[in-house]
Amino acid sequence: MRTLIFRTAAPYLTSLMLLFSVFVLLRGHNEPGGGFIGGLIAASAFAILGIAHGVHAVRRSMYFHPMAISGFGLLLAALAGMLSYVFRVPFLTGLWTSVSFLGVKVDFSTVMFFDIGVYLVVVGAITSVALSLEEREDG
Amino acid sequence: MTGEVADMAGAMITTPATAADWLVIAPVIIPLIFGALLLMFRHEMRWHGIAALVGLAALMGAEVALFARVLEHGPVSMTMGSWLPPFGISFTVDLLGATFALTSGSIAFVCAVFTLRDIGVTGRRYGFYPFMMLMMAGVSGAFLTGDIFNLYVWFEVFVISSFGLLILGSEKAQIDGASKYAILNLVATTLFLIATAYLYGIFGTLNMADIVRKADGVRGGAPLMTLATLYLLAFGMKAAAFPVNFWLPASYHTPRIVVAALFGGLLTKIGIYALLRTLVMLFPVERAALADLIGWVAVATMILGVLGALAQSDTRRIFGFLVTSGVGVMLAGLSLGTETGISGAIFYAIHSMLIMTALYLLAGMMKERGGSFSLHELSGLYRNSPFLAAIALVLAAAVAGLPPASGLWPKVMLVKAAMDASAWWLAGAILLSGFLTTITLGRVFLLAFWRDHAGGHETRGTALPLLGYAALVALTVPIVVLGLFPEPVIRIANMAAAGLLHSSGYVGAVFAAGGGS
Amino acid sequence: MSGESFLSFCVTIALGLLCLSFLLTVLRVLRGPTLPDRILALDMLVAIAIGFIAVLGIRTGFSFHVDIAIALGLVGFLATVAFARFVMSRGVTEKQVPAKPRKAGSKTSRRRKR
Amino acid sequence: MLAPILTRLLKHNAAWVLSLAPLWIFSHFAGMLGDVAGGVPVRGGLEWIPSLGVRFSWYLDGLSLTFALLIAGIGTLIVLFSGGYLKGNEHQGRFFSFILMFMGAMQGLVVSDSFLMLFVFWELTSLTSFLLIGFDHRREPARRAAVQALIVTGLGGISLLAGLILIWIATGQTELSGLLAAGDALRGSPFYLAAFVLVLGGAFTKSAQFPFHFWLPNAMEAPTPVSAYLHSATMVKAGVYLLMRLNPVMGDTLAWETVLPLFGGATLLVGTLLAIRQTDLKLMLAYTTVASLGMLVMLTGFGSDRAIEAAVLYLIAHSMFKGALFMVAGLIDHETGTRNIGALSGLRHAMPATFVAGLLAALSMGGLPLFFGFLAKEEIYAALAVGGAWASIAALVAIAGNALMFAIAFAVGLKPFVGPTVKVPRRTHEGAMLLLTGPLVLAIGGLAAGIFSAVAHRLFSSPMASAIAGQSLTVDVSTVPHLELPLLLSGITVALGVAAYFGQARLRGAVASLLEAIGWGPDRGFDQVMRGLVRFSAGVTRIVQNGRLDVYMTVTFIAVALSILMPMVVFDELPTISGLPDPWFYEVTVMIIGVIGLGAVVYAKDRLTAIVSLGIQGFAVALLFMLMGAPDLSFTQFMVETLSVVILALVMTRLRLSVSDHRPIGRKLLDTTIAGACGAALGLLLLKVTQFPFDETLTKFFEKNSLVIAHGRNVVNVIIVDFRGLDTLGEISVVMIAGLSILALIRIRSRNERRPARRKENA
Amino acid sequence: MIVLLLDYVAGILIVIGAIFTLVASIGLLRLPDLYTRMHAASKAGTLGSCVMLIALAVQSQDLAISTRALAGVIFFLMTVPISSHLLAKAAHASGCRMWPKSVRDDIGSSVQSIVKTTQS
Amino acid sequence: MEMVLSILVGLFFAVGIYLMLSKHVIRILLGIAIFGNAVNLLIFTAGRIERTAPPIIPHGLETIVGPVANPLPQALILTAIVISFSFFAFLLVLAYRAYQEIGTDDTDGMRVAEPKGEPLPPLGY
Amino acid sequence: MTLYLSVILLALAWAAITGSFTLPNILFGVLIGGVTLYLVRAHIGSLRSFVRAGKALSLVILFFKELILSAWRVAILVVSPKMDLKPGIFAYPLTVDRDFEITLLANLITLTPGTLSVDVSDDKRTLFVHAIDCSDPDATRRDIAEGFERKIMEAFR
Ligand code: NA
Ligand code: NA
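The listed protein sequences derive, respectively, from chains A, B, C, D, E, F and G.
Under the numbering used here, the first residue of the first sequence is numbered 1, with each subsequent residue one higher.
Under the numbering used here, the first residue of the second sequence is numbered 140, with each subsequent residue one higher.
Under the numbering used here, the first residue of the third sequence is numbered 657, with each subsequent residue one higher.
Under the numbering used here, the first residue of the fourth sequence is numbered 771, with each subsequent residue one higher.
Under the numbering used here, the first residue of the fifth sequence is numbered 1534, with each subsequent residue one higher.
Under the numbering used here, the first residue of the sixth sequence is numbered 1654, with each subsequent residue one higher.
Under the numbering used here, the first residue of the seventh sequence is numbered 1779, with each subsequent residue one higher.
Mixed in with the good hints there might be a few duds.
[Stated by the list, open to error] Partial list, computed: chain A residues near chain C (C-beta under 7 angstroms):
#, residue
1, M17
2, E31
3, P32
4, S44
5, I51
Keep in mind the hints are simulated off the structure, nothing from the lab.
We treat Cβ as the ideally placed atom computed from N, Cα and C, and that holds for glycine.
Just chain A, with the same shape it has in the complex (with noise of 0.2 angstroms):
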């Protein structure tokens, strides 16, 4: 939309969302929140941007096609799985570990990968709706 309020307001409205998505993203282990949700605001994120700066300026920001992204989100949530046939448990088994890093302890987990997975697939699958539903047909 052609105002200048918005527009300037816009980019930085949506790194915001992106960080606060990332923060439901992680903590969803323990409260609520997760991958689906934190995906839906990124979306939401990007959807915005999209309002303001039309779609060309999502793509680039994306830099990959948002289909492509949610096929990746696909794949590492399967690879999170598959993890689990090299350590000789049945798929989908939870492999946790645990690195220092600057004195703090940080838990990898696959069960966080997965929820990535899931936060990647909903990230680009909605915002590819919302981006083909933007976009106009003679634009």
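Once you have looked at the hints, place chains B, C, D, E, F and G with the ligands on chain A.
Leaving out everything else, chains B, C, D, E, F and G with the ligands in the frame of chain A:
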């Protein structure tokens, strides 16, 4: 972090999962991963066909191995996430699931061969192969899962993928057909979900083996009759049983022919599979009480289906109605509920998967050689394409239940089972529907192949569509082989039916892993 | 009155007031008369819900309510933006403007957007 | 299968090579004659489908063997004849393969021991005959005849299958050889009558018994070799074979002895009358075939020793003379270009050999002494002239029929050859060697069999009759006339026949006017039924599949309401209403908001109001989840509801839609009733379910292990990504595919709308 | 003691917030046109929610929750004016009429002219 | 409480189905959305209602203590919501495309795949 | 400059919502903030300005004061039995000319007594403001110019 509190052995499976165990989930993972990759490399269109073939070949390989394993060891099970059943989601594969999965995988492979020439740039760019892959993931998941809510999820996966396949091309009729298909299918799957919600409310569990164990305990107090009827409706709708079969004839003639072939082969059969799984395995007592209702539904479905076929001019619509009619035949087996009846239904389902796919591919080839789908316009194919005519004849015989093709034996089994149960009307309807099918297809052969109208379509070019023929032959050969040597399949169907009726093997496979609770 | 019981008293009062606000706002959604009025009322509903959630958060002591409130603010914003965009290209009601000029108008607004 | 290749190599001369196959079969079976005639059936078999009790088993007694020999023998001649007849036809190879396939099927049929195997071959003969009758597929009458044959015999096929399975159920036998010993069990079974009717359905359609006789003359659309083979010697006799085969187990009952003679006699009369009516040689023969089949059925029905003997003799004789006559007719057609009896005369000069064959065959068909036909006729009369009203009527029918057949025999075998030479469409000369072999061999065979009837009887007819009767029969036959009642009847027949031969024209006129008076026959009925069937189907389909989504939805939801309410009522699964609810005031408020939202969606005057109201109810549901301890749900519901509304709005931006949702009042009432019933049903069932004690095992497990094993405090999320992660994997697949489908939906435009400026996506 | 005090403060704040919210919804009902209603919603409504969130921040003894609640407040203050602006602009541009008793409309002329030119 | 929710669920279903019986695709879609909500509430209620607390393990504890809402139906509903949202979006766009192609959202007018008054197939042979 | 500031603000926002002001967490916030800003970088207008923290703070305080006041006034107006309204839209000539400042001003105006930014003219010279009491637009213009607009210029120039 809190190891001393955790009761690992009481919560998780501790025995290691071997590669052979992974076979039960492989038919889902393989197409899923291939689908994701194909989507990521959506623009590398030259490789799509090959990649899809490789993926489906791998899928088929896994299913063959799985089938062999089930045949050898009886039902096998794996519970995801290492959780003890019924807490995690179990994939439990008995002979029924393995057989259906294998057949569907093979059909998908054949269809993929057909697509190599049929799917153009636009179709590839907008995800034909990812749709197909994900549909196969959904279909395999539906056949293999041992958890009823998970079954719902796989249903949705293949349904949404089928939407995608259905609309690729965006023709007017496609969009219209897809609208009806999508809305009615959504209602159907939602009914499934509703029924599952009630089921959960009653049993407190979703694992089908667990439900089997608990069913006798709750019978009497819980509204199981109503629940069973609701499942009958939901899956009946998926299977396209009268009076909720509208979506099928409204849509199957609209997409690309190979998509219709895939649908004709797979979709209704999943409904049948789910009906067998729920009504026979989970609610046998309720199924028996509903047997007459199912029987009448079966009769109406098969007769109205074939009458619908008689009334059509478009070959694809004819075949669509014939799919419905076949569903009625399988429902007859469900209504009977005896081992022979169910075994007949299973055999018929296998036959139906092959034959319906083949019929649509045939319609595609007829269009290619004869320039139209309409009986008003088709002509002279017998002269132009004698080989196609030969295949058409075999396929027609197969649908009508005539020798030397595969349709005869399941029909014999079902008629025998119906007569054994003194269900004369059911036997009569099965035979009558076969007869009406003969008329329908006899007319098709007459009009499209034998007739030579003046000014009929002249086949352009002489290049034979080799891939198309290859796909057709790949389906026709097993149809004939099943017609000539049905014994192995009958035996498998019998074993599958027995496994369904006496589900202790199934339950045992699930809870063997760790005793369960 | 202890702090806790005072708080719970206030919570009850606040919830009551908020419920009343909900109902009044819903009334505006129903009454319209124009689309922007309804959108505004919907936006207001979101604002009330945020307050409602905050009060519930105080009542239950769970922290997650804040996140939901924030997310609600976000999506409420998104909804209003989308509706505004819709109003921009379609007009305030469906009936008010005849179809043809509206089409032209909406096209223009599309172009203007870029 | 090799036939087309061979034919491509050898042209029509391939017939010589191909005929070796049936000849070999013939000699193979002939080798068994000794054993079988001695009363020792040849049996054998392989396991085929043990699960269904189907063995690939054969059983050759006198009956099967005679049939097998006829099939192979006449088959050999037919192959030769076709070699000449279809000389130059581009599809001759295809023809050969069809006819050999047919022959195989027919052989299989008669030698099968297992029921289902018999049925398989039975149906194969139908299928192959479909191909043969429609061989000349560019002509509509040929196509019609083919499909007619397919349909009529197909109807019989299903009837037969039902009958056979019923016999299987009644006796527990799956093989004829076993069944032969179980006749009493079958006759005593309550299924007997049903099985009898069903089997008859199969036999009568196949053997063209009145009123199913019409397909056979139409099948004359096929090339003459086919007519000669299928409709004289083989396929049509399959029905007779079946009846004869089952005579020991199903015969000897009132039903059998009433129905068979009745229909057989009727067929005999109708067949001969219609035959007289014709002027086309082939059609005349075809109708006499119908008549002869009637005769056979009638005789089989009588079931007395003599009747069976007569049937056997007549069957063998008929196969030979009818085959010969058909080929003669074909020869005439082939050489002169016409088959119209009126247009043919004086061919004896041009076609002497044909004349000989025709005359010999006619003599046999006319039943004159020394010929095998005579033998048969004598036996017929001997069998029927036993006194009693029933037999007397049958005898009269037989006399009338035979007399007319006599007339037709000579009309075909004599009339075209005598008299003055007339001009015919083609220049006439004698047929080629390939063409002549068949008729001559058969015609002479008829004479030879008559002359050496003792041998023929010992080898063929006696064992065959024994097999039919189910016990050893010793009836002596001889072609030397004895002065008894049968001879007298024969004499009457001949006299009448001669009269009919000369009074043909008048008779033809009489029958024609009779038929015109009736104005309808099963043949026209067939067309009416077919059209009616299609129209009826279209009518039914228009009702059950009428293309309207609202009707589909209405039916679906009626089904929903019924499938919940009916079992709840019938099986007494209704909930009890008890216990006072205790909602908090803000819960009530939220629910009220939800309900208001619902109402607003329904009553909204325009879609946009409806969409906004939709937002309200979704919003209320989300709040409700929040209040009920489901923050994750609430969170997701808020997001999803909003996004739904946003997408709705985005889409609405691009639609220009009419405004109102006007439904007529009746429709409104109906919809309200259905929706209300569904709502009530689903609500009641939910209440019932929640009144059942709940098993919390799973829930407790998740709560217990969520943190300590799965490392997550939010149990819901742990379920989503760990305990039930596979659901989520499926779910995101759905999301991904939905995104892709929407992309495809929007991007792909149908051809007619595709714009040149369709732009490439950037990615 | 502090905790007790905070409870009181929080209690008072939520009631104030709820009152503001209620007032905003009354305004939404009573005010005559869209633009005036927007004043009620975007000010009283926002303030009400923010006050209640602040109450939550005050009452919670968890720093994380408090900071998050305050972050939420700031976030609303960032988004509400933008959405109000967009809605007002869109409504005005698409011809949503002002209350007849409105005293002036400075953009009236210019916007109307834009609409007119695009329509012709 | 289950009783109140059962009634509410029944109402949601009734309204959703009423809308789905409409001839206008957009109304059908609204009906589907409501139908979906009804199903979610149904699943929720079927797992029994416990209004006290969400199933989140508080800090300092290792398992849930005391009554909390049943987490399993919530997880199921989450999956169902996501799926029904995907379907809803698809159907919406489909309806939009149908409108573009066919020019109406009235299902009476959507008769391309199964046209009105289709001719009979050839009656001859 | 603004970019760095934005990253820092985002990192702070991260710390605030996670509720942890430890260094690793703030660094992580910087990382995420950086990435998210990088994604939208093309649309952030170049603004070479610096911030006077004190002035900015006084702007914030002014804003909250105005917000509470405006809410109060609206509340009184709404609940008074007889509403005396003279609404209208007036044009406000802008002094600030940078996008960021215009946006900030417009938003602040929206949140202040009885005023609502409806639009900015295409030449960025005029802000159209809806006032619930438009009886004396000049007074309102003066308030804005001497209040928010001046403080914005002080804080960001
Ligand atoms: Na989640
Ligand atoms: Na989920």
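How the hints compare with the structure:
1. For the restraint placing A/M17 at the interface with chain C, the shortest Cβ-Cβ distance is roughly 6 angstroms, inside the 7 angstroms limit, so the hint holds.
2. A least Cβ separation of about 5 angstroms between A/E31 and chain C falls short of the 7 angstroms threshold, and the interface hint therefore holds.
3. With a cut of 7 angstroms, the hint placing A/P32 at the interface with chain C holds, because the nearest CB-to-CB distance is about 5 angstroms.
4. Checking A/S44 against chain C: minimum C-beta separation of about 5 angstroms stays under 7 angstroms; hint holds.
5. With its C-beta approaching chain C no nearer than about 6 angstroms, A/I51 sits inside the 7 angstroms limit, and its interface hint holds.
Checked against the numbered hints given earlier, the structure satisfies every one of them.
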